[in-house]
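For the record, the sequence lines run as chains A and B. Remember, our numbering sits 292 above the position in the first sequence when you count from 1. Remember, our numbering sits 363 above the position in the second sequence when you count from 1.
Calculated from the structure, these hints are not laboratory results. Just so it is clear, CB atoms sit at the ideal spot from N, CA and C, and this is done for glycine as well. The reader is advised that the hints may include incorrect statements.
Stated by the list, open to error - Away from chain A, derived, C-beta distances all over 10 Å, residues of chain B: (1) Asn401; (2) Arg428; (3) Asp435; (4) Leu461; (5) Ala466; (6) Pro478; (7) Gly506; (8) Val516; (9) Trp529; (10) Gly530; (11) Ile544; (12) Gly561.
What the hints assert, rightly or not - Simulated pairs of lysine to aspartate or glutamate, EDC-like, Cα-Cα distance not exceeding 16 Å: (13) A:Lys550 / A:Asp426; (14) B:Lys532 / A:Glu569; (15) A:Lys421 / A:Glu485; (16) B:Lys532 / A:Asp568; (17) A:Lys421 / A:Asp462; (18) B:Lys532 / A:Glu418; (19) B:Lys369 / B:Asp435; (20) A:Lys550 / A:Glu418; (21) B:Lys375 / B:Asp435.
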Amino acid sequence: MLIRKHGTHDIRSSEITPESVFVNRRTFLERSTRIGLAAAFAPGVLAACDRSANTANAASSVPVPGEPSQDVDWSRMRSELGEELNSYEAVTTYNNFYEFGTGKEDPARNAHTLEPRPWSIAVEGEVAKPAVYDLEDFLSPVRLEDRVYRLRCVEAWSMVIPWRGFALADLIRRVEPTGNARFVEFTTLNDPEQMPGQRRNVLPWPYVEGLRMDEANHPLTMLVTGVYGRELPNQNGAPLRLIVPWKYGFKGVKSIVKIRFVRDMPATTWAIVAPDEYGFYANVNPEVDHPRWSQATERRIGEFRRRETLPFNGYGNQVASMYAGMDPRTLY
Amino acid sequence: MALSRKQRVVAKTVVWIAALTPAALLAWDFWRGNLSVNPIEDITNRTGWWTLTLLSVTLAITPVRRLTGRHDIVRFRRLIGLFAFFYGTLHLLTYIVLDRYFAFGTLLEDIAERPFITVGFATWLILLSLALTSTRGWIRRLGKKWRRLHRGVYVAAVLGTIHFYWGVKADTREPLWFMGIVAVLLLARLPAVRRMAGSVRARRRSAGERVSAGRRSEPLTP
Numbered sequence: 293m294l295i296r297k298h299g300t301h302d303i304r305s306s307e308i309t310p311e312s313v314f315v316n317r318r319t320f321l322e323r324s325t326r327i328g329l330a331a332a333f334a335p336g337v338l339a340a341c342d343r344s345a346n347t348a349n350a351a352s353s354v355p356v357p358g359e360p361s362q363d364v365d366w367s368r369m370r371s372e373l374g375e376e377l378n379s380y381e382a383v384t385t386y387n388n389f390y391e392f393g394t395g396k397e398d399p400a401r402n403a404h405t406l407e408p409r410p411w412s413i414a415v416e417g418e419v420a421k422p423a424v425y426d427l428e429d430f431l432s433p434v435r436l437e438d439r440v441y442r443l444r445c446v447e448a449w450s451m452v453i454p455w456r457g458f459a460l461a462d463l464i465r466r467v468e469p470t471g472n473a474r475f476v477e478f479t480t481l482n483d484p485e486q487m488p489g490q491r492r493n494v495l496p497w498p499y500v501e502g503l504r505m506d507e508a509n510h511p512l513t514m515l516v517t518g519v520y521g522r523e524l525p526n527q528n529g530a531p532l533r534l535i536v537p538w539k540y541g542f543k544g545v546k547s548i549v550k551i552r553f554v555r556d557m558p559a560t561t562w563a564i565v566a567p568d569e570y571g572f573y574a575n576v577n578p579e580v581d582h583p584r585w586s587q588a589t590e591r592r593i594g595e596f597r598r599r600e601t602l603p604f605n606g607y608g609n610q611v612a613s614m615y616a617g618m619d620p621r622t623l624y
Numbered sequence: 364m365a366l367s368r369k370q371r372v373v374a375k376t377v378v379w380i381a382a383l384t385p386a387a388l389l390a391w392d393f394w395r396g397n398l399s400v401n402p403i404e405d406i407t408n409r410t411g412w413w414t415l416t417l418l419s420v421t422l423a424i425t426p427v428r429r430l431t432g433r434h435d436i437v438r439f440r441r442l443i444g445l446f447a448f449f450y451g452t453l454h455l456l457t458y459i460v461l462d463r464y465f466a467f468g469t470l471l472e473d474i475a476e477r478p479f480i481t482v483g484f485a486t487w488l489i490l491l492s493l494a495l496t497s498t499r500g501w502i503r504r505l506g507k508k509w510r511r512l513h514r515g516v517y518v519a520a521v522l523g524t525i526h527f528y529w530g531v532k533a534d535t536r537e538p539l540w541f542m543g544i545v546a547v548l549l550l551a552r553l554p555a556v557r558r559m560a561g562s563v564r565a566r567r568r569s570a571g572e573r574v575s576a577g578r579r580s581e582p583l584t585p
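Input sequences plus hints: build the corresponding full structure.
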């Protein structure tokens, strides 16, 4: 699954943006907001300013908005099962991110109010080294890699997406959890100013998700900072989100501000809202239907005929052993 | 104040155009690529939404008629009801053809096992029976039974809003709106509410007579 690794020296230019550039980006964004383009162009604007750091010529190097980075031939990239990628447009315009509205296209329209820089992440609970990190410090020791994963939404649609990020296990090693840490809890930003969807109580805010320690340490589990070689667009959960490819998409908590190591199973948002419909484990399982619809098949975005859903979303040979002996009904 | 023949033709044309516009806009958006990257979901949602909207309009005609005294609008009720059935059928066909592609095994399982789909399908069956018996011939043939059968539209409206409510994940605003509208339209049919509305109309009519007397225009006919 490791499609491509980046040396640490690659990271500095494309992923870690100097402060002066954020400031430029802000003013650029403010200007474009005024002419009403920020929502659609935010990813492109980011890229433009990253490049302007090198060329010091922002105006002439504005790329086509909302497109993948050019350093990788994405069109030839496939999943380990040979599946083609969903387009950058599909990945960035069709999102469930209720903090920006409950329609699929709402986040792409509304998420321009989120400010992913500066950003801090609190690591707390049962760890030897609790700390509040600045995003740049949080990311500076990690090796970013591109990985192609299937994303299976609990609503029975799916995509194939090239994420950029790093194994959550790397972070866990750094912060040294104590023997009491049995679960990890992740919390999304709670700020109705930046996240207008939080002004209504569609869900109890902030959004909380969690993993068992072995799941969190599994090499497939990823903290994601980018997609298609670009920084994550806001609607995809900038600047940091979770991806657990063998679980339903709602486990992939977005715009994370807090990572907490705890003894007891965390109360997670959807399991609080509808405990009979969404469980803590939420492993993709074609045999266990959602009470209101079948999970046996899914629509891959861009395809007409439905596909069979794979147990553990196709990652069973790597993850099924973690659940040996557990009642499969509790694992949906 | 009955409409002239010409006015009736114009009004019917307007209703046809208004009722077909949502379908035309949907086709346009599909053609132009304005729908999301999951167009089948959009088509399902929009046809369902218009089914409930036109059902609500159909249910609104009788209360509006009583309230305003414009009895001639009843002649559009059947047409609008048939358009509700039209969008309901598009909605069902989207599910059968585009979403499931004739996988009848899973379709029957869905209808049997998932209350959300059972209720939606029942709504469509009721609308189908009303549409089939909406002709003059069937009205004559069924006589008194026809009125009883066509009270099924109340059941269809309630079931349709439940179907919508059970279909959404967390954002229940829109289904609750529809439930509220349908509830008001059904309550408006209760005898007590009708008496209240009747007294409002009587007051308005007497006020209208004073105005028209002042203007020396023709007296209003009831």
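Hints, verified against the model:
Consistency note on asparagine 401 of chain B: stated as away from chain A, yet its beta-carbon is not over 10 Å from all of that chain's, at 6 Å minimum. Residue placement check: arginine 428 of chain B keeps its beta carbon more than 10 Å from all beta carbons of chain A (closest about 36 Å). For aspartate 435 of chain B, the condition that its CB be more than 10 Å from all CB atoms of chain A holds, with the nearest at approximately 40 Å. The beta carbon of leucine 461 of chain B is not kept farther than 10 Å from every beta carbon of chain A, the shortest such distance being approximately 8 Å.
Alanine 466 of chain B, annotated as away from the interface, has a beta carbon of chain A within 10 Å; the closest lies near 8 Å. With 10 Å as the threshold on Cβ separation, the claim that proline 478 of chain B sits away from chain A is violated: the shortest Cβ distance comes to roughly 8 Å. Every C-beta of chain A lies more than 10 Å from that of glycine 506 of chain B, the closest at about 41 Å, which supports listing it as non-interface. Every beta carbon of chain A lies more than 10 Å from that of valine 516 of chain B, the smallest distance being close to 26 Å; the non-interface claim holds.
The beta carbon of tryptophan 529 of chain B is not kept farther than 10 Å from every beta carbon of chain A, the shortest such distance being approximately 7 Å. In this structure glycine 530 of chain B is not separated from chain A by more than 10 Å, as the shortest Cβ-Cβ distance comes to only about 7 Å. For isoleucine 544 of chain B, the condition that its CB be more than 10 Å from all CB atoms of chain A holds, with the nearest at approximately 20 Å. Under the 10 Å C-beta cut-off, the non-interface status given to glycine 561 of chain B relative to chain A holds; the minimum distance is some 40 Å.
With a C-alpha separation of about 12 Å, the suggested pair lysine 550 of chain A and aspartate 426 of chain A falls inside the 16 Å cut-off, and the hint holds. Under the criterion of a C-alpha separation no larger than 16 Å, the hint pairing lysine 532 of chain B with glutamate 569 of chain A is consistent with the structure, at around 10 Å. Our distance criterion of 16 Å between C-alpha atoms is broken by lysine 421 of chain A and glutamate 485 of chain A, whose separation comes to about 31 Å. Simply put, lysine 532 of chain B and aspartate 568 of chain A have alpha-carbon atoms about 13 Å apart, close enough for the 16 Å limit, and the pair holds.
At roughly 14 Å between alpha-carbon atoms, lysine 421 of chain A and aspartate 462 of chain A fall within 16 Å of each other, so this suggested pair holds. With a C-alpha separation of about 34 Å, the suggested pair lysine 532 of chain B and glutamate 418 of chain A falls outside the 16 Å cut-off, and the hint is violated. Between lysine 369 of chain B and aspartate 435 of chain B the CA atoms are separated by roughly 14 Å; this keeps the pair inside 16 Å, and the hint holds. Annotation: proposed proximity of lysine 550 of chain A to glutamate 418 of chain A holds, straight-line Cα distance about 13 Å (limit 16 Å).
With a CA separation close to 12 Å, the supplied pair lysine 375 of chain B and aspartate 435 of chain B stays within the 16 Å bound.
In terms of the numbered hints stated before, the structure departs from hints 1, 4, 5, 6, 9, 10, 15 and 18, listed from lowest to highest.
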